[in-house]
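Asks: Each chain is listed here by its residues.
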Amino acid sequence: MAAEVKPIANTLHTPSEEHEELREQLMFDPRPREELNRMVLDSMTHTTPRYWTAVGVLTVLVLTLLLGMWGYLIFTGIGISGERRPNYWGIFIVTFVFWIGISHAGTFVSAILRVFKAEFRRPFTRAAELMTTFGLAAGALWPLIHLGRVWVFYWMIPYPNARWLWPNFRSPLVWDLLAITTYLLSSTIYLFLPLLPDLAMARDRTTGWRHAIYRALALGWRGTEAEWARLRKAISIFAFAIIPVMFSVHTIVSWDFAMGMVGGWNSTIFGPYFIIGAILSGVSAVITILVVLRATLKNMTYFIRPEHIDALGKLVLVFSMAWAYFFFNDYLVQWYGGHDVVRALLSFHASGPDAWIWYCMLLFNIVIPWLTLWNKKLRRTPWVMLVVTLLINVGMYFERYTIIPLTLGHQRMPFDWGEYSPRFPEISLALGSLCLFMLLYLLASRLIPMVPVWEVREGQEAHLVRKVGKTVVPTVSELD
Amino acid sequence: MARRIIHLALFKEDQVDETAEALEALRGMGIVDRDISVISGTPFSEKMLGRPMTWTRVPIIAIAGAVVGFLVAAFLNFGTPLLYPIRVGGMALQTIPTSFVIFFELTMLGLLISTFIGVFVESISPSYGPAGYDPRISDGQIGVLFWAPPELDPKLHETLTGLGAEIIHGTETKKLWLF
Numbered sequence: 433m434a435a436e437v438k439p440i441a442n443t444l445h446t447p448s449e450e451h452e453e454l455r456e457q458l459m460f461d462p463r464p465r466e467e468l469n470r471m472v473l474d475s476m477t478h479t480t481p482r483y484w485t486a487v488g489v490l491t492v493l494v495l496t497l498l499l500g501m502w503g504y505l506i507f508t509g510i511g512i513s514g515e516r517r518p519n520y521w522g523i524f525i526v527t528f529v530f531w532i533g534i535s536h537a538g539t540f541v542s543a544i545l546r547v548f549k550a551e552f553r554r555p556f557t558r559a560a561e562l563m564t565t566f567g568l569a570a571g572a573l574w575p576l577i578h579l580g581r582v583w584v585f586y587w588m589i590p591y592p593n594a595r596w597l598w599p600n601f602r603s604p605l606v607w608d609l610l611a612i613t614t615y616l617l618s619s620t621i622y623l624f625l626p627l628l629p630d631l632a633m634a635r636d637r638t639t640g641w642r643h644a645i646y647r648a649l650a651l652g653w654r655g656t657e658a659e660w661a662r663l664r665k666a667i668s669i670f671a672f673a674i675i676p677v678m679f680s681v682h683t684i685v686s687w688d689f690a691m692g693m694v695g696g697w698n699s700t701i702f703g704p705y706f707i708i709g710a711i712l713s714g715v716s717a718v719i720t721i722l723v724v725l726r727a728t729l730k731n732m733t734y735f736i737r738p739e740h741i742d743a744l745g746k747l748v749l750v751f752s753m754a755w756a757y758f759f760f761n762d763y764l765v766q767w768y769g770g771h772d773v774v775r776a777l778l779s780f781h782a783s784g785p786d787a788w789i790w791y792c793m794l795l796f797n798i799v800i801p802w803l804t805l806w807n808k809k810l811r812r813t814p815w816v817m818l819v820v821t822l823l824i825n826v827g828m829y830f831e832r833y834t835i836i837p838l839t840l841g842h843q844r845m846p847f848d849w850g851e852y853s854p855r856f857p858e859i860s861l862a863l864g865s866l867c868l869f870m871l872l873y874l875l876a877s878r879l880i881p882m883v884p885v886w887e888v889r890e891g892q893e894a895h896l897v898r899k900v901g902k903t904v905v906p907t908v909s910e911l912d
Numbered sequence: 072m073a074r075r076i077i078h079l080a081l082f083k084e085d086q087v088d089e090t091a092e093a094l095e096a097l098r099g100m101g102i103v104d105r106d107i108s109v110i111s112g113t114p115f116s117e118k119m120l121g122r123p124m125t126w127t128r129v130p131i132i133a134i135a136g137a138v139v140g141f142l143v144a145a146f147l148n149f150g151t152p153l154l155y156p157i158r159v160g161g162m163a164l165q166t167i168p169t170s171f172v173i174f175f176e177l178t179m180l181g182l183l184i185s186t187f188i189g190v191f192v193e194s195i196s197p198s199y200g201p202a203g204y205d206p207r208i209s210d211g212q213i214g215v216l217f218w219a220p221p222e223l224d225p226k227l228h229e230t231l232t233g234l235g236a237e238i239i240h241g242t243e244t245k246k247l248w249l250f
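Those sequence lines, one after another, are chains A and B. Taking the numbering used here, I'd label the letters of the first sequence as residues 433 to 912. Taking the numbering used here, I'd label the letters of the second sequence as residues 72 to 250.
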């Protein structure tokens, strides 16, 4: 049998061609720091009528859908929501868990990838950290909304009331307050610390009110050796310490459910199951935001490249698989246990009137990511990733909806079963919190440098191309 | 005491080697390390520039904050039930397993907040090295700030400009922060 042999020389690239190909990667396409500064400042100061229209529309929506409706809810009472026996937890808690989940991305992308020195993280850590802060801000509203009588919120703060009664520190709800407060404060500081050199850069190049803000926030940063050493040390402490805090937050959120003797909730695996779900939705949301930033913010095509969306897409695929594993583990053990209540509940999820939510959850969180994200070409196509990641977050919202109202409605007493139908106030508030998140992000994109310029430049200085034999290979050296 | 003048030698972004050589030359002229400070828009390690290790109190302040957080947690976990005991049949007044969550959260909160306080306090504290700044630093240029007696001026200029530096006298740090 004759074999067709082709000379391989024709397919080999010259070192210079290979070097040129490497320039597709941000780290191998360096530009002078001055130019990088100018590009980032341009993106902050360049606004179009479309931007201001978006800000105006979102402001109106936040004022009406969120604040107006919340005021109406406080004035009339929580009875106008769809929450009634047996479903006392509905959209309010679903949306709370959703936002807390979204907030996990910043820490994951920034802290974990920083600890493991994943170089692709450099241009988008800030976008992810901002997501954490604003996601937590949107999420922290929900326990207050759910309280109904929001003015008694301070009862959860650890100090004694008039009868010298302290909050119950054994309650997961008080743990929630402490964990979310810790996470919100620490993630805000973790956003601020790496911003210092970039705020100083903005201070040096702006005038007027912008200059006054950056001057105050930059804390007199000059870039001395002592300042860099201090910053490195502080970022290092934060990167290591904030990871267990992140794990604790969603574990405690899961304990709000798992500590109760409610069929379908009382599970030992809920902690890690919730964490994996949170990271899946959070990393997906980072991709969504990066695609939008890339398309709408000036000069972002230089900083946010297909390689970044590709790398994050791989992470989403891995976390989708991990989520599937935890879901199946939780499902199989509960099903195998054979408790009538739980079996009836699982059947209800898969064949009840709201079964479409359960199937959509599986479709969006498992089937669609697995069918698409294995493919490098699709992972590097921004609009495909936008659709896939939006669907994953819809799927994750459905997951929380399945866990909360669809489970609460079918408990041990069949005479007490009930359907949950969210009413307009709940839907309005949920959409309002989404608008709040988008509005905060839009405003922040014009106020703070969205790309950590010094980190990008540091990475570019650490990356070199080395010739090995007849080819060139990328190398990275440790500068710290 | 002889009058000393602050000099700022600015090197281009890609002149890290020249900066390290300049630092060596300054030491050769009798200028000690504590009278020299390097400022840059991108971090360079002390080893790269042949500089002594810098020391920061941030880790110590962070640990102190963690200890304070732990003590507050101990008070909330075990002190508050004693202040107003509510005895519930069959349940212990003070429990170890549930206390772990409060201990963990408040210890971490203390650690992280005090880390920031450490950075903040050290940032606004007066520094004892030569002070000076130029906005070109945040454009990537590397600045070597140093005090030198006037008699060294000609030699300094010759050496540093020979290495490609631009020399600036009388730099100031005014208007960089609120005070």
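Derived from the structure by calculation, the hints contain no laboratory data. Keep in mind that the hints are not guaranteed to be accurate.
[What the hints assert, rightly or not] Within a straight-line C-alpha distance of at most 25 Å, the following computed SDA-like cross-link-like pairs (lysine to any residue) qualify:
hint : chain 1 : residue 1 : chain 2 : residue 2
1    : A       : Lys808    : A       : Arg737
2    : A       : Lys549    : B       : Leu154
3    : A       : Lys808    : A       : Glu739
4    : B       : Lys118    : A       : Ala550
[As the list claims (entries may be wrong)] A few chain B residues facing chain A, derived, Cβ under 10 Å:
hint : residue
5    : Ala96
6    : Val109
7    : Ser111
8    : Thr113
9    : Pro114
10   : Thr151
11   : Gly233
[What the hints assert, rightly or not] If you want the footprint, here are the derived chain B segments under chain A, 3+ residues with CB under 8 Å:
hint : stretch
12   : 75–81
13   : 129–138
14   : 183–191
15   : 218–231
The model shown is predicted, which means the values in this text are computed figures rather than measured ones. A virtual CB, placed ideally from N, CA and C, is assigned to each residue, including glycine.
Asks: Quick check: which numbered hints come out false for this structure?
Replies: 2, 5, 11, 12 and 15
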